[in-house]
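Peer 1: As you go down the protein sequences, you meet chains A and B in turn.
Per the working numbering, the first sequence starts with residue 2, numbered consecutively.
Per the working numbering, the second sequence starts with residue 0, numbered consecutively.
Honestly, the hints are just simulated from the structure, not real lab data.
Just so it is clear, CB atoms sit at the ideal spot from N, CA and C, and this is done for glycine as well.
Worth double-checking, as some hints may not be accurate.
Unchecked claim - Here are a few chain B residues that face chain A, going by a calculated C-beta distance under 7 Å:
{"#": "1", "residue": "R42"}
{"#": "2", "residue": "L45"}
{"#": "3", "residue": "N100"}
{"#": "4", "residue": "F104"}
Said to hold, decoys possible - List time: in silico SDA-like cross-link candidates among lysine to any residue, alpha-carbon distance up to 25 Å:
{"#": "5", "chain 1": "A", "residue 1": "K45", "chain 2": "B", "residue 2": "I46"}
{"#": "6", "chain 1": "B", "residue 1": "K41", "chain 2": "A", "residue 2": "Q42"}
{"#": "7", "chain 1": "A", "residue 1": "K63", "chain 2": "A", "residue 2": "L111"}
{"#": "8", "chain 1": "A", "residue 1": "K12", "chain 2": "B", "residue 2": "E38"}
{"#": "9", "chain 1": "A", "residue 1": "K63", "chain 2": "A", "residue 2": "S88"}
{"#": "10", "chain 1": "A", "residue 1": "K45", "chain 2": "B", "residue 2": "V86"}
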Amino acid sequence: EAGVAQSPRYKIIEKRQSVAFWCNPISGHATLYWYQQILGQGPKLLIQFQNNGVVDDSQLPKDRFSAERLKGVDSTLKIQPAKLEDSAVYLCASSLEPSHIQYFGAGTRLSVL
Amino acid sequence: GENVEQHPSTLSVQEGDSAVIKCTYSDSASNYFPWYKQELGKRPQLIIDIRSNVGEKKDQRIAVTLNKTAKHFSLHITETQPEDSAVYFCAALSSEVEYGNKLVFGAGTILRVKS
Chain A
2 EAGVAQSPRY
12 KIIEKRQSVA
22 FWCNPISGHA
32 TLYWYQQILG
42 QGPKLLIQFQ
52 NNGVVDDSQL
62 PKDRFSAERL
72 KGVDSTLKIQ
82 PAKLEDSAVY
92 LCASSLEPSH
102 IQYFGAGTRL
112 SVL
Chain B
0 GENVEQHPST
10 LSVQEGDSAV
20 IKCTYSDSAS
30 NYFPWYKQEL
40 GKRPQLIIDI
50 RSNVGEKKDQ
60 RIAVTLNKTA
70 KHFSLHITET
80 QPEDSAVYFC
90 AALSSEVEYG
100 NKLVFGAGTI
110 LRVKS
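Use the sequences and the hints to build the structure in full.
Peer 2: As structure tokens, this is what we get:
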């Protein structure tokens, strides 16, 4: 089966610019997650969708980050404006249901200069 | 909320030796504990997981043990090989009434297997 697809793989922007990441989960997976992984740390959940509804966005910096999953399939995560501390790998994951195994995409490595 | 602590942060072993990584969690309601392996520049991949109704699970050279009373779980790798070198993350699935199930990760352990 095809895995979780993410694009782009790498992105370099200057601070205060905006950036968007895209994720296509495994077919049939109702739950989609966006994680932020800062170098040397474990992934931190930013937002969790169940179909096209938000289940948890308690750790999403809502003043600059936004995410949507309009048709309950693919999703986009946007940062506007970016800060230096947003430099990280942004991982998308999906699972059949919240308590099931999560499968990760390859991630987008963001560098903010 | 759930907090997961992982030790050690780095671990070097000789090829063929065993490696043990330990994690503790805070939420007694957590009931699912996966372990992920992440090679440099690649995606985290699930290598083994355990649910709270089981004390131990084994898959070839990899085993996980869970002590619910003490709220800790461990990853055991026997007969280590150079290809086992990677970062290993433990995680706990926390059930928060307000937000539903959330996977909380440890900080990771860098495992180096020297040949």
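Peer 1: Between the alpha carbons of K63 (chain A) and S88 (chain A), is the straight-line distance 25 Å or under?
Peer 2: Holds, at roughly 17 Å.
Peer 1: Given the hint that K63 (chain A) pairs with L111 (chain A), test it: the Cα-Cα distance must not exceed 25 Å.
Peer 2: holds, 18 Å
Peer 1: Within a Cα-Cα threshold of 25 Å, do K12 (chain A) and E38 (chain B) meet the stated pairing?
Peer 2: holds, 20 Å
Peer 1: Minimum Cβ distance from L45 (chain B) to chain A below 7 Å?
Peer 2: holds, 6 Å
Peer 1: Given the proposed pairing of K41 (chain B) with Q42 (chain A), does the C-alpha separation stay at or below 25 Å?
Peer 2: Holds: K41 (chain B) and Q42 (chain A) sit about 15 Å apart, inside 25 Å.
Peer 1: Please verify that hint: F104 (chain B), Cβ, nearest Cβ of chain A, below 7 Å or not.
Peer 2: holds, 3 Å
Peer 1: Do the numbers back the hint for N100 (chain B), that is, is its least Cβ distance to chain A under 7 Å?
Peer 2: Given a least distance of 4 Å, the restraint on N100 (chain B) holds.
Peer 1: Between K45 (chain A) and I46 (chain B), does the CA-CA distance stay at or below 25 Å?
Peer 2: holds, 19 Å
Peer 1: Would you mind confirming whether the straight-line C-alpha gap from K45 (chain A) to V86 (chain B) stays at or under 25 Å?
Peer 2: holds, 16 Å
Peer 1: Taking 7 Å as the limit, does the beta-carbon of R42 (chain B) come near enough to a beta-carbon in chain A?
Peer 2: holds, 4 Å
Hint violations for this structure: none, all hints satisfied.
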